[in-house]
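For the protein sequence lines, the chains are R and S, in the order given. So the first sequence is numbered by our numbering: it starts at 1 and just counts up by one. So the second sequence is numbered by our numbering: it starts at 1 and just counts up by one.
Hints listed in this document are in silico derivations from the structure and should not be mistaken for laboratory results. Misleading hints may appear alongside valid ones.
[Claimed, not checked] Below, a list of computed lysine-lysine pairs in the DSS-like style, where the Cα atoms sit at most 25 Å apart: (1) S:Lys118 x S:Lys130; (2) S:Lys123 x R:Lys12; (3) R:Lys12 x S:Lys130; (4) R:Lys7 x R:Lys71; (5) S:Lys129 x R:Lys12; (6) R:Lys7 x S:Lys127; (7) R:Lys218 x R:Lys71; (8) R:Lys71 x S:Lys130; (9) R:Lys183 x R:Lys7; (10) S:Lys127 x R:Lys71; (11) S:Lys127 x R:Lys12; (12) R:Lys71 x R:Lys12; (13) S:Lys129 x S:Lys118; (14) R:Lys71 x S:Lys129.
[Said to hold, decoys possible] Covered, in the sense of this in silico footprint (three residues per stretch, anywhere, with C-beta under 8 Å from a C-beta of chain S), are these stretches of chain R: (15) 3 to 12; (16) 71 to 83; (17) 213 to 221.
[Stated by the list, open to error] Calculated Cβ distances over 12 Å to all of chain R for the following chain S residues: (18) Ala9; (19) Glu26; (20) Pro28; (21) Ala124; (22) Thr159; (23) Pro163; (24) Arg166; (25) Asp199; (26) Asp211; (27) Arg226; (28) Ala232; (29) Pro236; (30) Glu259; (31) Val276.
Cβ atoms here follow ideal geometry from the backbone N, Cα and C, with glycine treated the same way.
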Amino acid sequence: MNTMIIKQLILKDWYFLRVPIIGYLAAGALSLVLICLGTDAGFFAGLVVLITVLIAVGIHLAMSTVVGERKEQTLPFVMSLPISYMEYTTAKILANLLIFLVPWSAILLAALALFTIGNAGGVIPFTVLLVTELFASYTLLLAVAVVSESQSWSIGAMVFGNLFLQAYFYWITHHPSIVGTMKGHVAIWTSGGITVLITEIAIILLLIGLTFFFQARKTDFI
Amino acid sequence: MNGLAVQFAGVRKEYPHFTLDNVNLELPTGSIMGFIGANGAGKSTTLRILMGLVHQDRGAVQVLGFDMPAQQAVAKRDVGFVSEDMRLYGAATLAWHMAFIRSIYPSWDQAYAESLLKRFDLKAEQKLKKVSHGQRVKAALLLVLARRPRLLVLDEPTTGLDPVARHEVLHALMEALADERRTILFSSQNTLDVEQISDQITFIDRGRIIDSADKETFLERWRRLRLDVPPAVALPALPGIVETTSSGRLAVVTMNGYEPAVAAAYHDAGVTVQSVDSMTLEEIFVVNVQNRRERSVA
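Extracted from the complex, chain R is given alone in its bound form (with noise of 0.2 Å):
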């Protein structure tokens, strides 16, 4: 692996995107300001506002660096540089992860703290569930920009995604085990939200795991 030049190529997706993501961490921050009102109208705007800011910036980020890629015709530059496909692919997942990273973690840290402060910690694994399964339906998207490149392929991945959330929201604040201990003081991690957990960690393993199965198989890349 030529890390030198995955290096590069990450900090170029980072230089074309530090603008919209510093937007991002903003719109990030006012969702926990409404989450920390402490009314309960304010918690579902600031929840509302937390969801939408990570899939705006996942559909962002896969958009513009991987299909936006191939769509402005900037791909056969970038493939002309001394690099595989695999290195290629390497470079799009790492920079496409890190960079989700920023605002995802960021976003979720500034949760984890103001919750326990507000000695809300209860809210604490219901949060870390919702922004991970966040963090699952991008690396889907992300797995399906990188081994389509196409706008269209992309967009049934968001669509699948979003679908797929509004269940899991449904599930997630209807199980027992979950919201049985949000109203609590402390952060109560039960078996069921363990394995919730488990379960979604699998998941983007699994999905990055098949993109560079299925992206070694691929002959053309023009």
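Assemble chain S onto chain R, guided by the hints.
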């Protein structure tokens, strides 16, 4: 290495509606090959296979001594590729692109890059989404030339350029040729461009290489003869005749492999040779392609 910068042996690539078949191509180090073909002939597919961007179904490809596509990452360190459909990042300046390429290639020559900036009349701080197609092509060429690759692969770089930009691009390429170790493979539909800078010519049509030789041989081999054929005389069928058109006593014969003995053979048959004319590369290409297509239909 065997003195060849590029070597294709029995390469095949099949698509649902197009097949690149049995491509055999050798490009000696230090030579400039013009790769001529009509739209959809297979030029871009061939060059993409050369770059490792498309994997051949069959056959072997070596670039600078490396097997493609397996060793493409190493091979591409010394290969510069510019294609007509390649775009740079519109949201970034040329200066950013220069810094990006410099960070990847230790061979980057900043002084040469700056001289090319002036010659191409490019502004380093201008965002590339605001520049013309000609400037974009020149910017892409600058990024490739300034890292001084041993092999330049140019897929229709002059397509869509105005005459001035075309002249500048060809001039820069000719200057790049001053380095005798540099090899160039240059595809184009424009035979005039190819004729100006190439010393080797290859024609491709419908996925097959139909002819390949050095330029002088090409131009020497092909002739168009104007003949006066008396009514009672039959035009002899000489070897190498590719096309014959007649109008009354006048016949025009296009020949591949002309030799002075041909004129004598016509004279002996009672035919008067009025003129023996050289042909342009474009005329040779068109006749060659038409002839092959007619033969394949028959």
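Tested hints:
no., hint, verdict
1, S:Lys118 x S:Lys130, "holds, 18 Å"
2, S:Lys123 x R:Lys12, "holds, 21 Å"
3, R:Lys12 x S:Lys130, "holds, 20 Å"
4, R:Lys7 x R:Lys71, "holds, 23 Å"
5, S:Lys129 x R:Lys12, "holds, 17 Å"
6, R:Lys7 x S:Lys127, "holds, 23 Å"
7, R:Lys218 x R:Lys71, "holds, 19 Å"
8, R:Lys71 x S:Lys130, "holds, 18 Å"
9, R:Lys183 x R:Lys7, "violated, 44 Å"
10, S:Lys127 x R:Lys71, "holds, 19 Å"
11, S:Lys127 x R:Lys12, "holds, 15 Å"
12, R:Lys71 x R:Lys12, "holds, 17 Å"
13, S:Lys129 x S:Lys118, "holds, 20 Å"
14, R:Lys71 x S:Lys129, "holds, 14 Å"
15, 3 to 12, "holds (count 4)"
16, 71 to 83, "holds (count 10)"
17, 213 to 221, "holds (count 3)"
18, Ala9, "holds, 19 Å"
19, Glu26, "holds, 23 Å"
20, Pro28, "holds, 23 Å"
21, Ala124, "holds, 17 Å"
22, Thr159, "holds, 14 Å"
23, Pro163, "holds, 25 Å"
24, Arg166, "holds, 21 Å"
25, Asp199, "holds, 24 Å"
26, Asp211, "holds, 27 Å"
27, Arg226, "holds, 47 Å"
28, Ala232, "holds, 61 Å"
29, Pro236, "holds, 50 Å"
30, Glu259, "holds, 44 Å"
31, Val276, "holds, 45 Å"
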